[in-house]
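Enquirer: What follows is each chain in one-letter form.
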Amino acid sequence: MSVIRETDLPGIGRKFLMDTEEGDRFIVIVHEDGKREMFCPSPVEPEELMRVVTLTDTEARQLGGIVGGMNYQPTALEKAEHTLDHLSIEWYKLRRGARAIGRSIGELKIRENTGTVVIASIESAHKQTISPGPEYVLGEGMTLVLAGERQNIQTLKRMLEVGEA
Amino acid sequence: MDHMVFEVGVAVLLIALAGFLSAKLRFSVVPFYILAGMAVGPHAPHFGLIDLRFIHSAELINFMGRLGVIFLLFYLGLEFSVGRLAKAGKSIAIGGTIYIGINFTLGLLFGFLCGFPVLETLVIAGITTISSSAIVAKVLVDLKRTANPETEMILGIIMFEDVFLAVYLSILSGLLLSGATTLGGVLLSAGIALGYMLLVLIVGRLLVPVLNKILGVSSNEIFLTTIFAMLFMVAGFSETIHVAEAIGALLVGLVLAETKHMHRIEKAILPFRDFFGALFFFSFGLTIDPLSLKGNAVWLAIGAVVLTIIGNYTAGMLAGRSGKLSPKASSNVGLTIVSRGEFSIIMANLGAAGGLMAILQPFAAIYVLILAVLGPFLTKESAMVHRIVSKMIPMKARSSGDKLQ
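So the protein sequences, as listed, match chains A and B. Note that the working numbering gives residue 38 to position 38 of the first sequence, counting from 1, and the numbers run on in steps of one. Count along the second sequence from 1, then add 1000; that gives the number in the working numbering.
Label pairs and their computed distance ranges (CB to CB): (1) F1112(B) / V3(A): 47 to 55 Å; (2) A1016(B) / E59(A): 28 to 36 Å; (3) T54(A) / N1220(B): 30 to 38 Å; (4) V67(A) / K1144(B): 18 to 26 Å; (5) F1228(B) / E59(A): 32 to 40 Å; (6) D57(A) / S1326(B): 27 to 35 Å.
Quick caveat, the hints were computed from the structure, so don't treat them as lab data. Virtual Cβ for every residue (Gly too), placed ideally from N, Cα, C.
Take these sequences, add in the hints, and give me the full structure.
Expert: What follows is the structure, encoded as structure tokens:
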């Protein structure tokens, strides 16, 4: 998750500044009258801001729904989450700073602690390991395919990220 | 007396027309209200029913303008959450101190050098120091600069100015309205004013739970009358102990801002602020005879305008540098906060209430008329101004840079 910086603009509204993982900067101004404006650095002069779009309150909600994937799930994600009753399979990417980086599956006692299994790990576009064993060491940027009950997968993700279940 | 409603109707029509004109020209509405008021008055003609002299209704319009000041300051108090101020704290303190330090000093110097007595000088410094929050916020939105990094600093300075305004208004109203002449008398009245303000704030704070309960009524009518009763009672009572009504209104706003009904109050009061506020600017204009606008008042105002622009630009550059903004962004700070409007007029009005020299009002009117129009223009053309200024004094900047090394 990217860090979003919030600032009060007294008399105008509230400013949200987001630096995305891809390195883009994005600023949203929520005006007190409900208007939304979005800005990004100008491609010609990075110091100047360029207004991307101005939206009414209703339009902003519509756009929020689209961006949030409420109307349409991207196919990549649709495949990423198959739920059979409570059982599900999820894709999870290990981001920089995750506690589990550098430790092995056995060391983390993933199955004992959470009741879930890592069924595959995608290390790069060309390299993947199917059913990694307990000696398998997790690294930054890997995408793990996790299987188990939905609730347990949440526990596991938390464990991988911050080190506690 | 018979045509009172009609006369007020004519006044409101003029105000509405001025509003339309300002919207059409995309300028701040304040100078247009003042101009509309100046255009009519005892010197204006009258045709049958339409009496543009406003002789009979002047008193009533003046009274509604007074209510306008009360609503303006009440709203300012409402918007002013202590929590927000504490959060912004340090970031606004530096820029704000630089700004007030430079511009208030310049204002005082200007008053003294032009040979005004102390009280007049204090009012002049007040008129020239406080930017117009309304114009600045509007210009920033219009020019799509809300997301810019310097905007946070600009609004921080404005917030700091609002605090300064509140404190300064209360001190000044103590000095002016009590009529104290000896040092002891002045200190006493200032002490009473300060003690009263603290008392209202402390008692108000203790009453917040009670107010929360009382204001929880579902009827909008009862809600509004309760608010108005508090507002007018406290503001009116303040006047009796020589604290400006405006300060009383501000205090009620500050107290009510702490209740959970803050947003409902804001919503309910906004139309009153806009309507009576407009009447205030109109009635201010009404007191000024345009034919009297010559000689001293004009030159004074022009001198003050020049000084304000220089002072604000310098303060902006320094504040911007302290906030690690680029030179271009820093110059935007100074050129955005030069706009003057509602608060300068309130200051001048206080001077009139205190029976100070009559020149203050035409001075303030011309000063505000110029800067309410020139301010947004300078903001818009800030890039050009910055280019010109940096061309004019590039040597200075470089040589001071050399010294630092």
